[in-house]
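Protein chains: 2
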Amino acid sequence: MNRKNLIVGQSGGPTAVINSSLYGVVSEAMRQESIGRVYGMLNGIEGFLAGRFLDFKEAFGADELEKLKTTPGAYLGSCRYKLPEDLNDPVYPLLFRKFEELEIGYFFYIGGNDSMDTVSKLSRYAAKTGSNIRVIGEPKTIDNDLVLTDHTPGFGSAARYVASTVREITVDANVYETKSVTIIEIMGRHAGWLTAAGALARKHANDNPLLIYLPETAFDQEAFLAKIEAAFEKNPNVVVCVSEGIHDKDGTFICEYDNSVGTDSFGHKMLAGCGKYLENLVRNRLNVKARSVELNVSQRCSASMMSATDQKEAVLAGAFGVKAALKGETGKMVSYVRTSNLPYRMTLGLEDVNEICNKEKTVPLEWISQDGSDVTEDFFAYALPLIQGAVEIPLGSDGLPDFISRK
Amino acid sequence: MNRKNLIVGQSGGPTAVINSSLYGVVSEAMRQESIGRVYGMLNGIEGFLAGRFLDFKEAFGADELEKLKTTPGAYLGSCRYKLPEDLNDPVYPLLFRKFEELEIGYFFYIGGNDSMDTVSKLSRYAAKTGSNIRVIGEPKTIDNDLVLTDHTPGFGSAARYVASTVREITVDANVYETKSVTIIEIMGRHAGWLTAAGALARKHANDNPLLIYLPETAFDQEAFLAKIEAAFEKNPNVVVCVSEGIHDKDGTFICEYDNSVGTDSFGHKMLAGCGKYLENLVRNRLNVKARSVELNVSQRCSASMMSATDQKEAVLAGAFGVKAALKGETGKMVSYVRTSNLPYRMTLGLEDVNEICNKEKTVPLEWISQDGSDVTEDFFAYALPLIQGAVEIPLGSDGLPDFISRK
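Sequences listed follow chains A and B, in order.
Number 176 in full-length UniProt numbering belongs to position 176 of the first sequence; there are no gaps in the numbering.
Number 407 in full-length UniProt numbering belongs to position 407 of the second sequence; there are no gaps in the numbering.
No wet-lab data here; the hints were simulated from the structure.
Predicted model, so just to flag it, every value in this text is computed and none were measured.
Hints are supplied without guarantee of correctness; some may be wrong.
Treat identical chains as interchangeable: a pair holds within one or across any two.
Unchecked claim - Mimicking EDC-like on lysine to aspartate or glutamate, the simulated pairs with C-alpha atoms at most 16 Å apart in a straight line are: (1) Lys227 with Asp371; (2) Lys203 with Asp398; (3) Lys361 with Glu103; (4) Lys179 with Asp374; (5) Lys312 with Glu66; (6) Lys407 with Asp207; (7) Lys203 with Asp402; (8) Lys323 with Glu351; (9) Lys289 with Glu229; (10) Lys67 with Asp207; (11) Lys4 with Glu329.
Use the sequences and the hints to build the structure in full.
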């Protein structure tokens, strides 16, 4: 009998829908006659090397699998392990021997840039050694920075979280009449996609957030202060979204400006984020009430604002990858191809993973306003479809979200 | 004709359900034959003194009023204005002259400690001058620190937000195998109710958050470090909840320990929170991965985790206050009286506002574990009923929560 087994792993930072991708792969693999067992690596390639994996049929009841779709985080656990550049490294034959023992025919890895690097290396090693294991990458990242795909699973939910939270913080900021500035620091070191999503919070022209700064352009703090002064003409409560990675024209990160904010009582350096720095800058220079909010890990782990579109697409991409592997594809990443904005339509495709790994897609400069303090209508047309639809998260007997976790 | 008008205002920091209280007052007042117009002060007593108010019948369509129940923040705007202690101050006759002009018979103020101080002063001034305006306080605070009431509107939703967010952050922390400590900083300067709600995130014994520190007891950083070391035996990923107001036995706030984290490039003092301080302490002393998350304003302004119980009770309390005022009550705050835990049952009551204002209810010491690093089962029995039930927030055409706001 020619049935081969499938193994899937998760890698890098988690998202709200990385388990939806997993659900897509696993449920499709279980449906396929020609696939035998479906295994999951625990803590990615690193845990697998240490012999840690599970069998989905043993680990899950039939209805339990559905719960993956509403559970954030990485069900299988994650890792940040980089395979050696040299394909002659002994780790490769070691890995492939383990694959052989488990009769693996299909290797799936769900992750971002670094994970696609793993997919690239394993598929190249397989080609080099004549192994017929098919290696497929499933995209994942809230940063939306993978090339050759319209967007990435995880971005829509994170963008929905950012947009609705910025709207709520704006409602909160509006209760007082006194002039105030609220700086919201959003994830994104090199790509501003998620910060740009803050713009979706606006309900009308001149609504907050009045200013948006991405790492794609250089940040000038004097121009920023002047912009805030001007924004007070529109609203006494000014809300500003900034990417954690904003930097000046010399490439110095704004969060590094406060290098004196550097010593705790042990003499160790402490770093506040750029939000905290700008809060102090505004308070000291403009003499107005200022506060900063760092949205932090909830951007990637909150299930409360999961986008139904994002969830659905992640499941479809997972299943699509399995069908592609069965057709003989390998060394590919599943990609999203947008065919229409209004109405929003997209199809799935495959791209050479070697063209994707270790590259970064940033927000096009044409989508950023001339003065670098806002995004254009193009961004709205791009991002709005991706945050559509609420997902009902099942509640447990304690009344809180009932996430599934490994025993 | 003897019909009098009612005026209502909101004061202090907003919550997820302060507009539900407003809905309760306004909808009940509109139902009552003996009440004429229903006015809302804009930005509380401060805005009213400046002549700013609205008429609910003019401002709202009939179905629009319902939207108050799913809109966080203070619809009428808020203020932090304290009336003078001296009832002979000219502001009092000025205010009451304005009340007279508008033929006000009923004054409602929705807020916390400071707002109850306003209710106390206005009711005492009315008594002193023989005015028959009836003055009623509607409780509101996420801090849950008002005395003479089982709990306060706003707490249940904030507690639900904290519990589910701590659960999500725990899911996020669990994806890696490497030892890590996540410090979650939660609102509460003197009362630890909200931080204690972090405990509700646990799904089983020895689940995260493994440690919880409230401002009701003294914090010792050496004991804290030892507790973390011990917690690693249970889980490599340790999640800790701390109140922003934790302090040592001498009363020094932990966030003041890093007084050297104090100068930005302008030489101005910068303060990080206690979470940031403890993150650095853990990293430097225990040599493990550490991060901190400040839940910040989303605790009070997020509608995504609104508690249906909290929302329903806030509406009931609003309506109850109107009926009490019509019966002749004045100088009272509406209170929650719990009659049973299992099943949870509560009724509404009235308490003398003079016994409430400027006092603070903290977590009973019997509900805190001996070593000050956890809460007892009593807290669970108390808090669990208050976070029950999800509320569906209507979505707008942009797919995001559709909050109502003043034109």
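TODO: Would you list, in rising numerical order, the hints stated earlier that this structure does not obey?
DONE: Numbers 3, 4 and 10 - these are the hints that the structure violates, sorted from lowest upward.
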